[in-house]
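These protein sequence lines map, in sequence, to chains A and B.
Residues 1 to 300 (the working numbering) are what the first sequence spells out, left to right.
Residues 301 to 712 (the working numbering) are what the second sequence spells out, left to right.
Each hint should be verified, as a subset may be incorrect.
Only pairs whose alpha carbons sit at most 30 Å apart, straight line, appear in this in silico DSSO-like list of lysine-lysine [said to hold, decoys possible]:
#1 K405(B) / K120(A)
#2 K614(B) / K588(B)
#3 K622(B) / K120(A)
#4 K561(B) / K405(B)
#5 K561(B) / K588(B)
#6 K561(B) / K575(B)
#7 K120(A) / K604(B)
#8 K120(A) / K575(B)
#9 K584(B) / K506(B)
#10 K622(B) / K115(A)
#11 K483(B) / K696(B)
#12 K691(B) / K613(B)
#13 K588(B) / K483(B)
#14 K115(A) / K575(B)
#15 K711(B) / K691(B)
#16 K584(B) / K561(B)
#17 K435(B) / K405(B)
#18 K584(B) / K614(B)
What follows is a set of in silico ranges between Cβ atoms, one per label pair, in the way DEER data are often shown [to be verified]:
#19 K613(B) / K92(A): 26 to 32 Å
#20 T162(A) / K480(B): 39 to 45 Å
#21 K606(B) / G142(A): 51 to 57 Å
#22 N397(B) / L166(A): 23 to 29 Å
#23 S228(A) / K506(B): 33 to 39 Å
#24 V284(A) / V703(B): 52 to 58 Å
In case anyone wonders, no lab produced these hints; they're calculated from the structure.
Built from N, CA and C at the ideal position, the CB exists for glycine as well.
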Amino acid sequence: MDWQVIWLFLQQGVASGLVTGSIYALLAVAIVIIFKTTDAPNFAAGELFMAAAYVALYLLVFLALPFVAVVPISLGIAFIAAALFYRIVLQKIGSSAAVTVNVVIATLGLSFVLKGLVRKTGVGDVPRSFPSIFGNDTVMIGQAVLTMQDIGILVLAVLSMTIFFLFFNFTRTGRAMRAVGMNPKAAVLVGINLRRTRMLIWGLSGLLSSLAAILIAPKILMTADMGSVVILGFAAAIIGGFTSLPGAVLGGIIIGVVENLVGLFISSRAISVAPFVAIMLVLVLRPQGLLGGKVAVKKV
Amino acid sequence: MKTMFRAALMGLVLTGSAGFSAQAFPVKAGQGSYSDPGITDDTIKIGLFAPLSGPAQAYGEDPLNAARMWYETVNSMGGIWGRKIELVIEDDRCNANDLVAAVKKLVEQDKVFMINGGSCSAAAVAAQEYVTRAKVPYVMLNASGDGALYPPTDYIFGAISISQRAVGGTAVDFATRHLKGKKIGYINHDDAYGAWNLETAEFTAKEAGATLSVESINPNITDVTAPLLKIRAFNPDVIILTTYARPATLILKKAHELGMKMPIILTVTGTANLKQLVDNVGTKDAFKNFYVQDVINDTPDGPKQKWVLDMYKKRYPELAAKPDHPTPYMPYGIPAAQTVTHALLLAGPNPTREGVARIMRSLTFESGVMAGLISYGENDRAGQESSIFLKFDGDKQELQPGVYVSRWVYKP
Numbered sequence: 001m002d003w004q005v006i007w008l009f010l011q012q013g014v015a016s017g018l019v020t021g022s023i024y025a026l027l028a029v030a031i032v033i034i035f036k037t038t039d040a041p042n043f044a045a046g047e048l049f050m051a052a053a054y055v056a057l058y059l060l061v062f063l064a065l066p067f068v069a070v071v072p073i074s075l076g077i078a079f080i081a082a083a084l085f086y087r088i089v090l091q092k093i094g095s096s097a098a099v100t101v102n103v104v105i106a107t108l109g110l111s112f113v114l115k116g117l118v119r120k121t122g123v124g125d126v127p128r129s130f131p132s133i134f135g136n137d138t139v140m141i142g143q144a145v146l147t148m149q150d151i152g153i154l155v156l157a158v159l160s161m162t163i164f165f166l167f168f169n170f171t172r173t174g175r176a177m178r179a180v181g182m183n184p185k186a187a188v189l190v191g192i193n194l195r196r197t198r199m200l201i202w203g204l205s206g207l208l209s210s211l212a213a214i215l216i217a218p219k220i221l222m223t224a225d226m227g228s229v230v231i232l233g234f235a236a237a238i239i240g241g242f243t244s245l246p247g248a249v250l251g252g253i254i255i256g257v258v259e260n261l262v263g264l265f266i267s268s269r270a271i272s273v274a275p276f277v278a279i280m281l282v283l284v285l286r287p288q289g290l291l292g293g294k295v296a297v298k299k300v
Numbered sequence: 301m302k303t304m305f306r307a308a309l310m311g312l313v314l315t316g317s318a319g320f321s322a323q324a325f326p327v328k329a330g331q332g333s334y335s336d337p338g339i340t341d342d343t344i345k346i347g348l349f350a351p352l353s354g355p356a357q358a359y360g361e362d363p364l365n366a367a368r369m370w371y372e373t374v375n376s377m378g379g380i381w382g383r384k385i386e387l388v389i390e391d392d393r394c395n396a397n398d399l400v401a402a403v404k405k406l407v408e409q410d411k412v413f414m415i416n417g418g419s420c421s422a423a424a425v426a427a428q429e430y431v432t433r434a435k436v437p438y439v440m441l442n443a444s445g446d447g448a449l450y451p452p453t454d455y456i457f458g459a460i461s462i463s464q465r466a467v468g469g470t471a472v473d474f475a476t477r478h479l480k481g482k483k484i485g486y487i488n489h490d491d492a493y494g495a496w497n498l499e500t501a502e503f504t505a506k507e508a509g510a511t512l513s514v515e516s517i518n519p520n521i522t523d524v525t526a527p528l529l530k531i532r533a534f535n536p537d538v539i540i541l542t543t544y545a546r547p548a549t550l551i552l553k554k555a556h557e558l559g560m561k562m563p564i565i566l567t568v569t570g571t572a573n574l575k576q577l578v579d580n581v582g583t584k585d586a587f588k589n590f591y592v593q594d595v596i597n598d599t600p601d602g603p604k605q606k607w608v609l610d611m612y613k614k615r616y617p618e619l620a621a622k623p624d625h626p627t628p629y630m631p632y633g634i635p636a637a638q639t640v641t642h643a644l645l646l647a648g649p650n651p652t653r654e655g656v657a658r659i660m661r662s663l664t665f666e667s668g669v670m671a672g673l674i675s676y677g678e679n680d681r682a683g684q685e686s687s688i689f690l691k692f693d694g695d696k697q698e699l700q701p702g703v704y705v706s707r708w709v710y711k712p
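One chain only, chain A, in its complex shape (with noise of 0.2 Å):
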């Protein structure tokens, strides 16, 4: 392989790794919203990513609704759908024991309910595509081959992920959040709604996924099994360390870079693994994750 067709890779493989790498962190912070709060992961973290591609089909396809109605009304139902889950099942779940294995069985349950209802309808039995709100004109970067898809998830990602950073950090609901996430039964007695605001959270993650599933959609098409992306998502959760959002951040955009330049510098049958090796690599390393902060040693 000589220098040249090196530059090419590196600066391919890192141009569409940070494209698919912030969808991973998209959905990463999905995930980590949720587990900062209810300590418990959202097992149906994907195939709530996925309904909501199918949603999103639905009005833009068999409704023809345009873009600019499609968007907001996609997210708004994923938002209503992930709180509502929150205050019908979660709500009643908490209020017994072995909260944690019961969540987690939850979000199981509703995995299967969401693909199952998608595939009970018939579109999701054969791959579709969903149509790109960007176009698919290429630009070059360098000596990258990008398209205006790939530009558009990567400003939009970016840019939501800053909307969230500003929300956490300095809106009222965005710290009364946090402060959840921190110690509960402390945010209760500073008089914060602990229910209302976990069901904000569920809200808020059901409409990250759902932003992650319009944006991606055009470029990995549309299955039942779609969801299953959402490994990548844990798997930057982790790498980044599982309770810090920057982390997720980090997490995806390492994952996505890193799948690409080991395809193309290793093998394309590495890819699939990379993640993984990547896991075990700052497991053994860093356990917390690359921002997970100190290792906290609990005492009993």
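Fit chain B to the supplied structure of chain A, relying on the hints for placement.
Same frame as chain A, but now just chain B:
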């Protein structure tokens, strides 16, 4: 149509049955007691199964419909040796556990004489151990099932559509002979399927003096930038894709984005719905230099396929009126059922499972449906190993000259 239909009915090439006086469907039945279950003086029971529900329903339902209409046609002509074929139909859901359960039910509870079914290779292969122990002849429906075909065993027969080995070999044959490719980019899956088709692809490329650059990808890949960039760096004359439809779509899209203009051949593994493929890629410009592999003897609406289509429309008028029906896999059900009926016919008036299996191990016939003969041999349990190729511009399919036959032979 009549000629093709007659060819299919009478098309037994009795390579393994010298001396047998070929009569298509003799009317004189055997009489007396039978050593194997599922057979009487008047009927013979066949277990027929496919995925009839779940996400893989589209792969199996129509081939099963086609097999059923063949069995019904044989019955309408008097059956085989005077015996009517009685079908017991099961749903295998394209799942290994469900398929093995269906096979056990058919053999142990329904007491069928032999079984014909399976559209999903991994699931079909899972039945190998059981049917071998139970010594029940098993003819796959449209599963290629390479995993159960080599090394050969005595009771299991597959690849009625095409074996994975033949998929790779015939695609490379077409790329080197028709498209004159010397440098071939080859993208397959990193699973057993991919390994099987690559084995013959490498064999055929070596024969032709061509060089392969292979990229093996995960079927669930989301970003195909890396493998395609490496293929582009190889500067191939032709690219062959042996992937499923979803990764193939991503690759075609990316190849178009990267401005890759060389011919691309998509094997039958990814051609289930060409209209959907075009819709998903999003532009017909990506199909300017594009070829698809097929395993039937003509374009799907060509004159040699007309009798199959007419038969389907007559038997299933409501299904035929539905969009995307018949599915591209539908015709494969006919040669699968023909394999069963021809073997029963050749086994004589008093067939045994052992006798039918022995006949099948040397059965060769012209189906009137597939690109090549359905043919088994001492070390060969793959029925069909030939392909045709069509140039597809996003709208029309244009048949390319020649039938490409796999030259790879299993050596024990």
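For the pair V284(A) and V703(B), does the Cβ-Cβ distance stay inside 52 to 58 Å? 56 Å, holds
Do the alpha carbons of K120(A) and K575(B) lie within 30 Å of each other, as the hint requires? 22 Å, holds
Is K584(B) within 30 Å of K506(B), Cα to Cα? Outside the cut-off at roughly 34 Å; violated.
Please verify whether K614(B) and K588(B) have alpha carbons no more than 30 Å apart. Cα-Cα ~36 Å, so violated.
Just tell me: holds or violated, for the beta carbon distance of N397(B) and L166(A) against 23 to 29 Å? 51 Å, violated
Please work out if K405(B) and K120(A) have their alpha carbons no farther apart than 30 Å. 28 Å, holds
Does K691(B) sit within 30 Å of K711(B), going by the straight-line distance between their CA atoms? 34 Å, violated
30 Å limit on alpha-carbon distance, applied to hinted pair K584(B) and K614(B): 34 Å, violated
Given pair status - K405(B), K561(B), alpha carbons within 30 Å: 52 Å, violated
Please verify whether K561(B) and K588(B) have alpha carbons no more than 30 Å apart. Given that 30 Å is the threshold and the Cα spacing comes to 8 Å, the pair holds.
Next pair to validate is K588(B) with K483(B); report whether the Cα-Cα distance is within 30 Å. 20 Å, holds
Taking 30 Å as the top limit, are the C-alpha atoms of K120(A) and K604(B) close enough? Distance ~37 Å between K120(A) and K604(B) Cα, so the pair is violated.
Checked against the numbered hints above, the structure violates hints 2, 4, 7, 9, 15, 18, 19, 20, 22; every other hint is satisfied.
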